[in-house]
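Participant: Line order of the protein sequences matches chains A and B.
Start counting the first sequence at 1; every next residue gets the next number (the numbering used here).
Start counting the second sequence at 1001; every next residue gets the next number (the numbering used here).
Treat the hints as calculated values from the structure; they're not laboratory data.
Check the hints yourself; a few may be wrong.
Listed next, the in silico PhoX-like pairs over lysine-lysine satisfying Cα-Cα at most 25 angstroms (straight line) [to be verified]:
id, chain 1, residue 1, chain 2, residue 2
1, B, LYS1287, A, LYS7
2, A, LYS2, B, LYS1198
3, B, LYS1096, A, LYS3
4, B, LYS1287, A, LYS104
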Amino acid sequence: MKKLLSKITTHTILIIVSVLSIFPFIWLISTSLKGGGENIFAYPPVMIPQDFTFENYVGVWHRVNLLGYFINSMIVAAGTVILNLILSSLAAYPLARMEFRGKKIAFFAILATIMIPFQAIMLPVYLITIKLHLIDSVNDIAGYIGLIMPFAVSAFGIFLMRQAFLGIPREMEEAAIVDGCNVFQIFWRVLLPMVKPSLAVLAIFTFIGSWGEFLWPSIVLTKESLYTLPVGVNNLQGMFSSNWRYIAAGSIISIIPIIIFFLSMQRYFISGENEGAVKG
Amino acid sequence: MFKYYGKFAPYLFLLPAGLLLIVFFFIPFFQTVVLSFQDYTNSIYAPEFAGLQNYIELFKNPIFYKVMLNTLIYLVVAVPVLAIVPLFLAILLNQKIRGITLYKILIYLPVIVSIVVAAIAFKWLYADQGILNYIVTSLGFDSIGWLTDPKWALYSVIIVTIWKGIGYYMMIYLAALMSVPKELYEACDVDGANFLTKHLTVTVPQIMPTIALVVTISSISAMKVFAEIYVMTKGGPLDSSKTIVYYIYERAFENLDLGYASAMAVVLLGIVMVFSLINILCFERKKYQL
Chain A
1 MKKLLSKITT
11 HTILIIVSVL
21 SIFPFIWLIS
31 TSLKGGGENI
41 FAYPPVMIPQ
51 DFTFENYVGV
61 WHRVNLLGYF
71 INSMIVAAGT
81 VILNLILSSL
91 AAYPLARMEF
101 RGKKIAFFAI
111 LATIMIPFQA
121 IMLPVYLITI
131 KLHLIDSVND
141 IAGYIGLIMP
151 FAVSAFGIFL
161 MRQAFLGIPR
171 EMEEAAIVDG
181 CNVFQIFWRV
191 LLPMVKPSLA
201 VLAIFTFIGS
211 WGEFLWPSIV
221 LTKESLYTLP
231 VGVNNLQGMF
241 SSNWRYIAAG
251 SIISIIPIII
261 FFLSMQRYFI
271 SGENEGAVKG
Chain B
1001 MFKYYGKFAP
1011 YLFLLPAGLL
1021 LIVFFFIPFF
1031 QTVVLSFQDY
1041 TNSIYAPEFA
1051 GLQNYIELFK
1061 NPIFYKVMLN
1071 TLIYLVVAVP
1081 VLAIVPLFLA
1091 ILLNQKIRGI
1101 TLYKILIYLP
1111 VIVSIVVAAI
1121 AFKWLYADQG
1131 ILNYIVTSLG
1141 FDSIGWLTDP
1151 KWALYSVIIV
1161 TIWKGIGYYM
1171 MIYLAALMSV
1181 PKELYEACDV
1191 DGANFLTKHL
1201 TVTVPQIMPT
1211 IALVVTISSI
1221 SAMKVFAEIY
1231 VMTKGGPLDS
1241 SKTIVYYIYE
1251 RAFENLDLGY
1261 ASAMAVVLLG
1271 IVMVFSLINI
1281 LCFERKKYQL
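Throw the hints in and build the complete structure from the sequences for me.
Facilitator: Shown next, in the form of structure tokens:
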């Protein structure tokens, strides 16, 4: 009896929290499906659209280059992920496996960058990016590179990969040396394939971080054609000032890709094994 | 094992990442400090050395204190909620119950979705004639200017930050709870201890380091909030929801007052670095294998 009661309480609480977690999106979806004939400010609020329509989706799709924003976000996220995988593993390898002068300095210098919040140094980062001509007013390619470079490597990634390399038995390298591999072959053909699980974790969390990044693109971007999804979606507010049907429809379209990504990769997020990997 | 790599190999491997960290972290870090001693108000191209002028101005400006107070309120409200509620949920989810994966997915969803969309969704809930005001008025209260009343705006934004963070910290706690030995609970069950005593006497002491970790990282991220404020209130009304990062952004990129903005950035750097240092030295030693 007591057990049953505790079970019911547990489920009740979890259901309430789950509903609260998704309600803002549900309400946005509801609004996005309401036609012009329906008052979206009706009291009491109506959950199920009475004047049901997909018109707002069609309208916002035609007036706003959501597909373009999506492609921009993909390019930036893909570039950021690839560079992070390569650069983090490259840097992590000597930190985990080699002895050299200045190792301690390199280690603590990298660790120190964890303590420096991007928000505090964004102004000089912006000035440097302009000096390097990596902004969209130069050309589109430069614009993409400018969006990617400040996040192309992170101390988090380096330490994640370092830990992965530390877990590989020394015998692997010894066998490879006997086989006549040089140091780059050992890295590329022997060690890297063994840390694939960590590479996957790094890729996924870098992707999520890059995909949601808002501050940096909203500082550097000047051309609408290079907007990433968060910047483009924020811009909907200005374009459709009080047309909440369109704003809602555009916002919902913009989150579909990441939700599909999340659901197909959910074990990486909710298995509890990769604690504390997202977030910037 | 003999040294199979050349003298320069380690440096070659470190070079690309090192170069980027230098260009996009270390140089900007020192430049922030340098900029904070310069005056850009006459010309953005020809700064003059200003000594401590930016800092003096900063500490004389009432907005600075407003911004610091807002950030403090952000911490005081958001951090305890983000330390306690996710722990409670993680405890509930750390048992064998039906639908556990679905619960986790739904509660984690806000973490995944872009903060911009989350802020827009809440802006819609907060609308003057929106659904939240419907609830408030039908309970017999006056409708609330969630984002337009200086008394409420900051708290309305904090709610979004909390809402978006709960799933994230819940997963951190879940990972920690999995490592608490089950036997520890058996004594409690024999004694017939209730839910609260059981977890206060067993769970909390066992995962104290994780709780401390959550407190420090949620503090750090509360000090870095920007998007919520930018999308929902732009720091207003009357600076009531302006926090450090938004203030830096506004001064640097809207007023082009680079020196003043940098002085503010140095303040942020100082605070965040203290928290991060505590975090790394006390709670994340294992992660970095110090």
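Participant: Indicate, hint by hint, whether the structure satisfies it.
Facilitator: Verification of the supplied hints:
no.: 1; hint: B:LYS1287 <-> A:LYS7; in the structure: violated (36 angstroms)
no.: 2; hint: A:LYS2 <-> B:LYS1198; in the structure: holds (16 angstroms)
no.: 3; hint: B:LYS1096 <-> A:LYS3; in the structure: holds (12 angstroms)
no.: 4; hint: B:LYS1287 <-> A:LYS104; in the structure: holds (17 angstroms)
In summary, the structure is inconsistent with hint 1 from the numbered list given earlier, while agreeing with all the others.
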